[in-house]
Each structure stands twice: as structure tokens, then as C-alpha cells.
Amino acid sequence: MTSQEWALDGHAGRLAARTWPAAGTATHLVLLAHGYGEHVGRYEHVAAALTAAGAVVVGVDHVGHGRSDGERVLVPDVERVVDDLHAVDLRARAEHPGLPVVLLGHSMGGLIAARYAQRYGDGLTALVLSGPLVGDWAAADALLTLPEMPDAPLDITTLSRDPQVGADYAADPLVWHGPFKRPTVQAIRWGLDAVAAGPSLGSLPLLWAHGEADTLVPVEGSRSGVQHLRGERYVERLYPGARHEIFNETNAEEVLADLTGFVADVLAGRLD
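No gaps in the numbering here: position 2 of the sequence shown is 1441 in the working numbering, and each next residue is one more.
Hints should not be assumed to be uniformly reliable.
What the hints assert, rightly or not - With a straight-line Cα cutoff of 16 angstroms, these simulated EDC-like cross-link-like pairs (lysine to aspartate or glutamate) come out:
(1) Lys1620 <-> Glu1510
(2) Lys1620 <-> Asp1590
(3) Lys1620 <-> Asp1516
(4) Lys1620 <-> Asp1580
(5) Lys1620 <-> Glu1651
Note that these hints are calculated values from the structure, not bench results.
Just so it is clear, the structure is predicted and the values come from calculations on it, not from any experiment.
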């Protein structure tokens, strides 16, 4: 599958973005927000499933991530990252006018997507949150009490039951392999509070998908945030045994089928 790489100005420098065209006639647009420490290049197989179902997929490396400018993994303000994503959204809509837009966010990208939906939800057709950092994330408070961030890489076994996923992650030069940075953890803490203080999503369809064995972003911690966000059109998919990266799990085909099925139901009005 051929994708087009492009760039735009973000709040703190140039942002690296990517567009995957629909396999046939485009019926909708999917905007992708990746997680902490990674980049959109890790979502090729997700884009493949979505484009086969009629989507144009557009993603961007957040500030300080992947090929975008900025100090590595330094995200001082989630709201500014939401601003960047909005600029990507506007560009994508201009190039593909009239298409309904679905926003997909994973992990920290789920936090960004949730705030995006609270701010710009009237322009979205649906929201998908995968292992989202919303609700209660005890790790943030625990890290902020420490005098220094632990200088330890992510435990790659927490990503997936498939050991190759962890091995690929560890070998990826565009993935951050160092410690958390305090301003980023503080920004996540503020972002969690902003989502909790913000509005519910009302009639915006929401899919919450999460691995039940996720230890990075535990499912019960996210539940309170999702319950605050959800409206009357809501679908929940919890996967027994699955860890944090459900799109890279041993049951990834099931997860991707649930994702494309949800989007198809929304577009067909079957969730109304």
C-alpha cells in the first residue's frame, strides 16, 4: 500500500504527516492520533484495513515524536497537540471535501482524541478510543511524586502477547526508548483533568476498545473517563488476555474487524 508523506506547520515546528488513499471510492476519512513515544508509521496494517473498507486515512507524528520537530517526547500541553491535529484535520477535509470524518486515538492519542472530540465533536461522525488515557491513570501521579523520572525503557512485554511486536518496537529508531519527561507527564495529568471537566459527547457515536490485560493503561482506570464521555450511541469491546496495543495483538484481525464494522454501522445509520 502506497502512502503519501507531507508536512505542515505545527505549534512548535514542522509536523510529519501521512495519507493512505482509499482502496476504491472513498466513503469516509479516518483521522489517526498515535500514542506516546511512537509514530504513525506503526499503523500501516491499521490503515490497510481501513482503506480496504473505503477510508482515506490521515495521521501525523505528534510534536516531539517520529519525524516531527521538537525535543523527543516533550509534550508540554495537550491542548496545543489538539490544535496541531485540528490543522491536520482541516487540511485533510480540504483535500477530500464532503467526506464524513472518524477520529481514532490510541493510548495518549486517545487522550488527545477525547479532548479533540470535546472541542470539535460537532464536525466528527464518530470517535474510536483504543486503550485510551482517560479517567484515572495512577501512573501519572506516581511518577510526579518522584524526584526524578525513572531512567528505564518501556517493558516491551506489556505491548502484546506476540513477542515480535515487542522486538520490532525495541528495534524501531523512530520510537522513543528513554524515560518519561516530567513536563509530558504533567501535561497528561492536566489533560486527564480537562477531559473530566469537559462535556460528554452526546450523540457522537463512540467505540471504546481495550485489552483486559493492559497494564500500561489499565482498563478499569479508563472506564470512568469513557463513562463520562459516552452518550447514547456507544459500543464497548473488551478483549480478554489482550495487552496494551490491541491492533498489534494476537487477535488483531478480530480487533480490526470490530473497528471497521463499527465505522460501517455508523455510516449506514445502524447505531441511530
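Checked hints:
1. Lys1620 <-> Glu1510: Between Lys1620 and Glu1510 the Cα gap is close to 10 angstroms, so the pair holds against 16 angstroms.
2. Lys1620 <-> Asp1590: 10 angstroms, holds
3. Lys1620 <-> Asp1516: Roughly 13 angstroms between the alpha carbons, so the hint for Lys1620 and Asp1516 holds.
4. Lys1620 <-> Asp1580: Holds, at roughly 13 angstroms.
5. Lys1620 <-> Glu1651: With Cα atoms ~27 angstroms apart, Lys1620 and Glu1651 exceed 16 angstroms; violated.
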